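Trainee: Chains as they are written, first to last, in the UniProt record's numbering: chain L, 1 to 285; chain X, 1 to 285; chain V, 1 to 285; chain B, 1 to 285.
There may be inaccurate statements among the hints.
Because identical chains share one entry, a pair is satisfied inside a single copy or across any pair of copies.
Computed cross-link-like contacts, BS3-like style, restricted to lysine-lysine with a CA-CA straight-line distance of at most 27 Å [as the list claims (entries may be wrong)]:
(1) K64 - K280
(2) K253 - K5
(3) K253 - K90
(4) K255 - K79
(5) K90 - K64
(6) K64 - K79
(7) K255 - K75
(8) K90 - K255
These are calculated hints, taken from the structure and not from any lab test.
No experiment lies behind these values; they were computed from the predicted model shown.
Number of protein chains: 4
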Amino acid sequence: MKNEKAILLISCLDKGGIVAEISHFISTYNGNIIHSDQHNDDASNTFFMRIEWNLSGFTIPKDKISQAFEAIAIKFDMKWELKFSSERTKMAIFVSKYDHCLYELLLRNRAGELDADIVQIISNHEDARPIADYFGVPYEVFKITKDTKLDQEQKEIELLESRETDLVVLARYMQVLSPEFEARFRNRIINIHHSFLPAFIGAKPYHQAYTRGVKIIGATCHYVTQELDQGPIIEQDVTRISHRDTVEDLVAKGKNLEKLVLTQGVKLHLEHKVHVYGNKTVVFD
Amino acid sequence: MKNEKAILLISCLDKGGIVAEISHFISTYNGNIIHSDQHNDDASNTFFMRIEWNLSGFTIPKDKISQAFEAIAIKFDMKWELKFSSERTKMAIFVSKYDHCLYELLLRNRAGELDADIVQIISNHEDARPIADYFGVPYEVFKITKDTKLDQEQKEIELLESRETDLVVLARYMQVLSPEFEARFRNRIINIHHSFLPAFIGAKPYHQAYTRGVKIIGATCHYVTQELDQGPIIEQDVTRISHRDTVEDLVAKGKNLEKLVLTQGVKLHLEHKVHVYGNKTVVFD
Amino acid sequence: MKNEKAILLISCLDKGGIVAEISHFISTYNGNIIHSDQHNDDASNTFFMRIEWNLSGFTIPKDKISQAFEAIAIKFDMKWELKFSSERTKMAIFVSKYDHCLYELLLRNRAGELDADIVQIISNHEDARPIADYFGVPYEVFKITKDTKLDQEQKEIELLESRETDLVVLARYMQVLSPEFEARFRNRIINIHHSFLPAFIGAKPYHQAYTRGVKIIGATCHYVTQELDQGPIIEQDVTRISHRDTVEDLVAKGKNLEKLVLTQGVKLHLEHKVHVYGNKTVVFD
Amino acid sequence: MKNEKAILLISCLDKGGIVAEISHFISTYNGNIIHSDQHNDDASNTFFMRIEWNLSGFTIPKDKISQAFEAIAIKFDMKWELKFSSERTKMAIFVSKYDHCLYELLLRNRAGELDADIVQIISNHEDARPIADYFGVPYEVFKITKDTKLDQEQKEIELLESRETDLVVLARYMQVLSPEFEARFRNRIINIHHSFLPAFIGAKPYHQAYTRGVKIIGATCHYVTQELDQGPIIEQDVTRISHRDTVEDLVAKGKNLEKLVLTQGVKLHLEHKVHVYGNKTVVFD
């Protein structure tokens, strides 16, 4: 259990004494807090916390911590999750033909920057198979038509479950997922949209941006919900353009944004730094 | 005429030989080009140019240049304007209660950063009068109600005309101008909208941004057209926010953006660096 | 004491149980934590905390809180400060001829964005007196020559002390303060340097930037120490330039950076969000 | 010669009539200008131009254009280069162990974003060989010690010459090149330095940045000259950091900057948009 860390994610109605109880719990059992972040959302009177402590020396065995913490959780009617740094998230990547986001995720995972095991790549095209082979990740193609969509998604879900997938990342996957699929992985599907949402929702955002004549373009990493491009935003970034840029230039400049913004959003999720509440996020970065 | 410069703004259908003719015209009469920018819009096959040259030594008298250039203009069926650096734009500012954009314009004008004479401040409130007094600019209040709007605007137009106003700047002026007013100053009314357009059109964009949970907010400087917040964009900028920011924080952070973005857009206009075409701009900065 | 808040700034050697003790202290006396930030600097094994709680309902009287907290402070050998939201910092501004930073501070203070009383403006020139008059702030000129410097600074210190000055802000003040002056207001003098430190230390940074041919310029807000431009950095920001920009353009673009970066640094200090340790800062924003 | 374009890069002492002569030359032979950029450096009274025109319909054969243009070049004592869009630059990449910049260049080249043929990868380590194999680029290792450096560089130069290398890109290559090597490829060696130059010259810039406590880090793409990290800057960019970031975090965040800034600088060079003059650049982007 050397260097092993526990991470507690909590949200509940805000009232006095929460921090005192939690920090007392950790210090009583000899845990040393490494990071602690909290946020009080005034509008909804909600308290959010992320607290990370070292398990080396902690006197409750790892598999008993949840049980030990439960009394506090019940007292404050908390929504909570307990994570351990040694338990790597199992991540699947969906991709179509653009491969820049896929490469970015695979390369940065291999460089040790993402705490994930990439267990499966799924596509509606054959194109990215050589990439999967190069990185040694299983690759499966599910062709999608209007008629086959639900059937194919069902097979995708079975495959994802067989891989014990925790997180689905849509790395410029050009199909809209069904509500059934979304419900199966609620708050665990991360998408990259190639605009500064809520500007330019839907198809061909770079064409929309070009037509509107904006001076800045963006990319948005968000959780997928039932409404297209309306899910909770994790991360956004932008870059400057000018009248000299053609649509093709916007696409090329945008690709650099997309890959960085998606990977940053995934990284934050993997480090258990994102709370979803309503249609928004609290991101402790 | 020492240090006097001429600036020619041109747009026309793109075809061969335009640059050759214009630069030949200038060099024939002994003008020295200081800046020259051009752009070819492929989608509409339009050629844009801004060319600036020194009149010291130029052998055509200043008041005959237009006449001399006309043959070229006709040959290529150009839309064109000839400006002189010594002729300062007469600018009027409209303001309501927020005064940060007003101050920014007045201070940077006084610091010599804007080539304009600020000839009039108009408001629907008394609040900014002491500011106008401090800077020695005439201040007039026109209260606006639904019933009086057109009448009041008519008086505003008369006042603006009496001041020979070239440019109207809406510095967080909280009234929508009538189509009649807009038509009177087409492409010569600059507004600041406190969002990253086209996101968050209309009222209370910071509240909209807060509700949507975006991670970046913006400001947009644009020409006013008949459709609200849809005019050609001159300049935009953004700043990063987080879940910690309340609506009030967004308002405060946004004010810094608004004043800089508006002033930058106005500065570009005053330096004759903006072409409007359709609903877009070419900005030679 | 309605809406009154207490803010505790703490640093000490990191060990287990600190957060538990502090949060227990606050909750025992019925305080409700509004914000809490902590940081553990691994290199120096130092723990930093900023904790803010509502005094409405807190059962220790305001003037007894320090005394009550002292036992915990001693136990962990803390460096600590207790601040109250109702106690506004008394701020003096030093300025020379450039007035853009001075205006920004005065305007944003008047707009309620800075929790300070501006009690004095000091300059080595007469130029800014009308600004001080307009904002109703006392203005005093102390001419500085090599020979008179220490004497004049002594008079400045007396004036500042008579105003009970807590914070000195150098708003493009073009004199280097003596070590004696610095020692008198250690960690309470904030300067704006017009470069991206540590690039371009010393005089004429925009000229240096122009000569080096950088593509981005910056501004740095820092605490003044005995070594020129070497003090702990609070805030920095940058803007893009190109080969088209002359030194004068850099100066103009830089002014926008300087005023925003300085004001942001001052704001963070006024909200007691900055810890200085060694030559660095922890900024809880 | 369909879609073939000619690009002329010119610099000379500024005097009247240059643009007129060049544009007249192009239009006389029925060339259509696509892009034209010029810049006048007042300090050195130097005129810079980049002009790009379509060869479809141009009445001088491609291999006679240089000869035809020479009279103008001599008249104005120009330094000039004539490039053709069909002639792809032959680029070699030097790399050590960090592979993020190497991957970025290879991937974006394969995506068609860089107009180059990558003809050789050279390293002082074996590590990147599988990457070279995957992309089908020759890979050669030259171990460098103090004693063998000049000999090994000589062999590198021979290999580069056998590949007709036009451009050498140092993609986090951790060896300093000798003056002899630099002289052989003057203004044709592009390096990425992992700091915002001139801050943090030399070794371990992220450690230096961490120690100084800056709030922003950067990366700089520049031509290599005889003085370490002093060459003409092509492109820079920055990203925000905080007290929470360890040196390892700076390294990870910096890697994203490095790969984008290096590739952008290389792209500008490949598109013949960079003029070097003295120790600075004019970049027409």
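Trainee: Which constraints among the numbered hints does this structure fail? Numbers only, ascending.
Mentor: 1, 4 and 7
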